[in-house]
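**Student:** Given only the sequences and the hints, what does the whole structure look like? Please build it.
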Amino acid sequence: MDTTLLIFLLVVVVLFVIGFLLLRHYEKQNNNAARRLKLAAQPYAFIGPVLILLLLAFGWPLINSFIMAFQNYKLTAPNAIRFNGLDNFQKLFDDSDIWLIITNSFVYVIVSVLGQFLLGMILALALRRKFRGRGVYQALVFLPWAFSAFVIGLIFRWSFNGEYGVINDLLVKMGLITEKIAWLGTPGLSLLVVILAMIWMGVPFFAIMILAALQSIPADVYEAADMDGCGPIRRYFAITLPYIKPTIIMTLLLRTIWIFNSFDLIVVITGGGPANFSQTLPSYMYTKAFSSYDFGLAAALGVLLIVILGVYAVFFLRVTKYNKAGDF
Amino acid sequence: MTPRVKRNLLTTGRVLLLALFLLGVLLPIYWMAVTSFKPHAEVINAQNITYFPQTFTLENYNQLFSMYDYGQMIKNSLIVSSSTGLVVTLLSILGGYALARYNFRGKSSMLLFFLITQMIPGILVIIPLFILFTNAKIINTHLSLFLFYLVTNLPFCVITMRSFFERIPYTLEEAASVDGCTKWQTLFRIVLPVMFPGIVAVFVFAFIGAWNELIAGTIFINTPDMWTVPVGLKSLIGKYDVKWGVLMAGGILALLPTAIMFAVMQRFVVEGLTAGAVKG
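One line per chain: the protein sequences are R and P, in this order.
So that you can map any letter, position 111 of the first sequence is 172 in the numbering used here, and since no number is skipped, the others follow by simple counting.
So that you can map any letter, position 151 of the second sequence is 210 in the numbering used here, and since no number is skipped, the others follow by simple counting.
Here are the simulated SDA-like pairs of lysine to any residue, each with C-alpha atoms no more than 20 Å apart in a straight line:
hint, chain 1, residue 1, chain 2, residue 2
1, R, LYS306, R, SER277
2, P, LYS302, R, VAL227
3, R, LYS241, R, ILE228
4, P, LYS242, R, PHE77
5, R, LYS135, R, ILE124
6, R, LYS191, R, ALA280
7, R, LYS191, P, THR70
8, P, LYS65, R, LEU186
If you're looking for bench data, these hints aren't it; they were derived computationally from the structure.
**Tutor:** Structure representation (structure tokens):
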């Protein structure tokens with residue numbers, strides 16, 4: 062373990078002990094004013110460390126990104142760093158691939174989210190009633206949630222390998238195709254493989270969320286519906302769906318952002334290829350930043366990302382009335 | 060159709076569906092495992108793809124450790140992930156407690172801020188941090204990864220911990236304070252023991268989050284002796300002659316710790332996920 066990490070961990074522990082001792086010290090004093098002050102300060106003392114860490118770690122880089130977006134900032138030329146106005150944005154939209162990449166991003170997000178949602182819903186409905194071994198079954202079927210996108214990417218990249226891949230072999234054996242398909246080398250198909258991997262990875266999450274919501278529906282509602290002679294399909298649309306709607310909306314919206322931002326699968330499976338046909342905005346930003354070390358251009362891409370996500374976040378807050386509730 | 064036939068049909072359909080889902084999850088894992096136990100010649104025999112190893116071998120696993128120093132990668136990953144898990148858990152207990160038990164000015168904007176941090180693309184933060192860490196001379200250290208994993212896992216874990224606290228009736232604490240316990244005594248002797256499963260679940264979240272991360276790893280780490288598991292395996296794909304058997308062996312070993320943690324803690328992890336994620 063490197064010494065810096067060790068020192069840091071020690072500092073954290075020492076701070077904890079000091080905080081603990083201080084609080085105990087004040088606790089013993091019976092001075093009324095001091096006690097009231099302490100009570101008011103307590104929550105801030107508890108959450109302070111988290112808040113400061115997060116503000117530093119997210120605030121500073123965000124401000125920095127904005128500044129870099131208007132700079133000629135290449136890591137390869139550290140002495141030539143200066144402001145260059147809108148040059149980076151000019152370069153960004155002169156790039157003939159940018160519209161392809163924006164389209165890819167939306168296709169990737171929409172298809173993945175819908176796939177995860179539909180399959181997750183079906184799985185949750187199937188899991189709803191108790192059966193023997195449900196605990197074990199869940200532990201297995203929810204496993205992909207705990208898996209790293211990186212390893213999932215490896216599995217899919219290997220399975221869809223054009224020459225040695227098991228998918229081609231199965232399709233040929235079933236007589237569905239006669240010639241092996243170069244999945245990862247064909248525009249359109251490479252993005253499809255990424256989407257399939259993303260769906261595989263995300264179904265458990267949706268199933269978990271929807272299942273929890275389903276289990277919170279009181280049973281007597283269904284009893285009443287049964288007495289009124291409600292069929293299963295009508296029951297689903299008239300009772301089940303309205304009940305779990307808030308969960309569904311919240312999960313869908315949050316998941317959309319998460320998928321939009323995540324690109325490890327792309328890096329592992331296709332590397333954005335062939336020729337940017339499976340590149341999305343964040344993965345393109347990664348590629349731009351760390352293949353050409355043009356941080357200015359990457360930061361300009363980042364600003365574009367923030368604009369898109371900002372619009373989305375406003376929409377999100379409107380739909381969920383998240384801030385009106387004032388509470389989660 | 061009589062109701063009974065109908066019910067039987069429904070049950071059969073349900074069982075079939077569940078079986079299909081299970082197959083869908085297990086087959087890719089099976090394929091990875093099978094590949095990892097085949098000798099290289101069998102893996103790249105395109106004419107005859109075998110669905111069970113003809114020759115069963117551990118050569119891939121051996122190579123992983125002898126040629127690619129996988130032991131060191133696992134060690135690096137363990138150091139970074141357990142420090143992340145530990146510190147995230149400690150900070151989440153404090154933060155979660157404040158959010159669950161106090162009403163204070165700025166609380167709702169804090170919660171909103173936590174949500175917003177979850178919306179920010181990681182790569183946007185990574186690039187400036189890369190510059191910062193380079194200047195601070197902590198690039199290519201465990202500390203750089205630890206710091207990044209700490210801040211990316213904190214918001215979700217604090218929110219999750221908060222909802223674990225909220226499930227414990229406040230009367231429990233009141234009773235303790237009537238009996239003369241101080242706040243800290245109550246927290247450590249009464250509340251935390253009851254919450255133990257929740258605390259372990261939060262540790263598992265942070266550990267898995269750090270263990271599975273690839274992108275920041277590829278950027279902050281640049282010498283092989285510091286590689287974490289995903290970064291090390293990623294560098295193997297880049298090689299001209301990809302040894303898929305070795306990669307799959309590495310993948311299996313990378314999944315094991317998180318899979319075991321998840322299987323053991325499934326109930327609490329699922330609880331934490333639903334509590335924390337619906338809400339943020």
